[in-house]
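Chemist: Listed below are the residues making up each chain.
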Amino acid sequence: MEPIRDLYQQVLLEHYKHPHNYGHLEHPTHQADGDNPLCGDHIHLELQVENDTIVDVKFSGMGCAISKASASIMTQVIKGKSIEEVKQLADLFYQIVKGETDVPEAPSSDLEELFIFSGVHDFPTRVKCATLAWHTLENALKQS
Amino acid sequence: MNPEVAATVDLDVHSIRADFPILNVQPYGQHLAYFDNAATTQKPQVVIDTLTQFYEQFNSNVHRGVHYLSQHATEAYEKSREIVRRFLNARSTAEIVFVRGTTEALNLLATTFGKLLQPGDEILISMMEHHSNLVPWQILAKEKDLKLKYIPITETGELDLDTFERLLSDRTRVVSVVHASNSLGTVNPIEKIIELAHQNDIPVIIDGAQAVAHISVDVQSLDADFYVFSGHKIYGPTGIGVLYGKERWLDRLPPYQAGGDMIKRVTLEETTYNVLPYKFEAGTPNIAGAVGLGVALEYVQNIGLSKIARYEMQLLEYATRAVEEIPGLRIIGTADQKIGVLSFVMDYTHPHDIGTILDQAGVAIRAGHHCTQPVMDFFGVEGTARASFAVYNTPEEIDQMVKALWQVYQLFGQ
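From first to last, the protein sequence lines are chains A and B. With the first letter of the first sequence counted as 1, position 36 gets the number 36 in the working numbering; the numbers rise by one all the way through. With the first letter of the second sequence counted as 1, position 104 gets the number 104 in the working numbering; the numbers rise by one all the way through.
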């Protein structure tokens, strides 16, 4: 596959055009803003955490296809997971975008979409776009 | 070459391209179409050779050196100042101060002007300024309780001159405006702006960073009080720029930085400052850079600025017509008078995604707010994609860009 098609896969474009969990929560327990001053991406993330589990999540903001799709997919993946699991997923995601982990033949279905970002490591200037949502998530969880 | 463009310009772009070794780089195995010239231009071989030659044969500190090398370095440095003087048609080399670049020149002016101002005084700039002609004034205004006023812009990206006239008041102490906008391409009517300001005895600073490589500047006929630019945007090295100031203004302004070279006599009690322009050149300057800048300006003059401008205008028109056919693409900055800057958005794609896709096709453009966030806010966009043209660009390269833009449309727009 040519690199550009590998980066902008259909799934990614779908999430960009129709992001999931876009909007606001009634009563978020945690929230954070993330900025990528280099390109002006901005994300606002709201979480509802109960008993160390993320029961609901929404995001809003503006950004490029990669940052927006990454936020959309992240919100899908983390919903229902414990904070501990989410931290591990963040580490896995950073490894994926840096090309430090192999793409498994058959990733478990709920993690499958994380691996569409494996193409990003060919585009070093765009890694920060992909990780913006995850860094914002970690910042939100630092609040207690 | 596209016959339409070739037929009307007497400019041998292929021999010019041969002067720029970097144009042989092939990103991802493709022809490099370098359209990021408003950020920085590439350097011709003569400029690169000058830098090497300086360090190989002349390197030494300037002024006061009694030895052979220092004498040669000083001569080369001062010869370059004379080339700049002629380039701007300044009255005297005392009016040509070497600085790091436009940003440093504007910070120098905001800081030193600031010392002459009183609370309640007004500074007038425009909404289309680069952050480097906005933030220094904003900081100054906060520090000294001054009023910072903005000349508004219109939907086409031009300055609203009627409002400008009304904004000039008896408290306005300085007007600072950009000659040509880096994000819109607009060429501002600085003659008119200077004339109106001078009717009120207000000095005018012109930020010429984007203009000098495309428009002939005569500071005396313009009657500009200050004109500043960077060397690297006119085929010269980075880290060298020029602050032109009328002698009577440079005399009035206090020094910016203090140290070596800017002094005449220092005792433990007090210091007498050096004459112009050295009063503003504290410390060892970028000597090689200044010499390289002189060579770059001569390179441009040998081709002819008006010829370069005519050629770039044809590239701009050709590119504008081609991109207008792409659905959902909107050009930001549609002034009558423009330099070769084509700024645009595609309503289904973020500028950075455009930038990445073009990059993969060998096309270098810039994407983002271009250090003009108020302009982006005015047009209601997060940023734009910007192609900016230089003398070595060709219509074929524009075709290369347009083809990649259609690919953006296929990926995102359908």
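Quick caveat, the hints were computed from the structure, so don't treat them as lab data. Glycine residues also receive a C-beta, built at the ideal position from the N, C-alpha and C atoms. Hints may contain errors.
Distance windows between CB atoms, simulated [what the hints assert, rightly or not]:
(1) B:Q220 - A:D122: 47 to 57 Å
(2) A:D122 - B:I22: 42 to 52 Å
(3) B:D377 - A:S108: 22 to 32 Å
(4) A:S108 - B:K403: 36 to 46 Å
(5) B:W406 - A:D122: 19 to 29 Å
(6) B:G29 - A:P124: 14 to 24 Å
(7) B:M127 - A:D122: 52 to 62 Å
(8) A:A106 - B:Y28: 28 to 38 Å
(9) A:S109 - B:Y28: 28 to 38 Å
Chemist: Confirm or reject each hint.
Modeler: Comparing the hints with the structure gives:
{"no.": "1", "hint": "B:Q220 - A:D122: 47 to 57 Å", "verdict": "holds (53 Å)"}
{"no.": "2", "hint": "A:D122 - B:I22: 42 to 52 Å", "verdict": "violated (23 Å)"}
{"no.": "3", "hint": "B:D377 - A:S108: 22 to 32 Å", "verdict": "violated (44 Å)"}
{"no.": "4", "hint": "A:S108 - B:K403: 36 to 46 Å", "verdict": "holds (40 Å)"}
{"no.": "5", "hint": "B:W406 - A:D122: 19 to 29 Å", "verdict": "holds (22 Å)"}
{"no.": "6", "hint": "B:G29 - A:P124: 14 to 24 Å", "verdict": "holds (18 Å)"}
{"no.": "7", "hint": "B:M127 - A:D122: 52 to 62 Å", "verdict": "violated (39 Å)"}
{"no.": "8", "hint": "A:A106 - B:Y28: 28 to 38 Å", "verdict": "holds (31 Å)"}
{"no.": "9", "hint": "A:S109 - B:Y28: 28 to 38 Å", "verdict": "holds (34 Å)"}
In summary, the structure is inconsistent with hints 2, 3 and 7 from the numbered list given earlier, while agreeing with the others.
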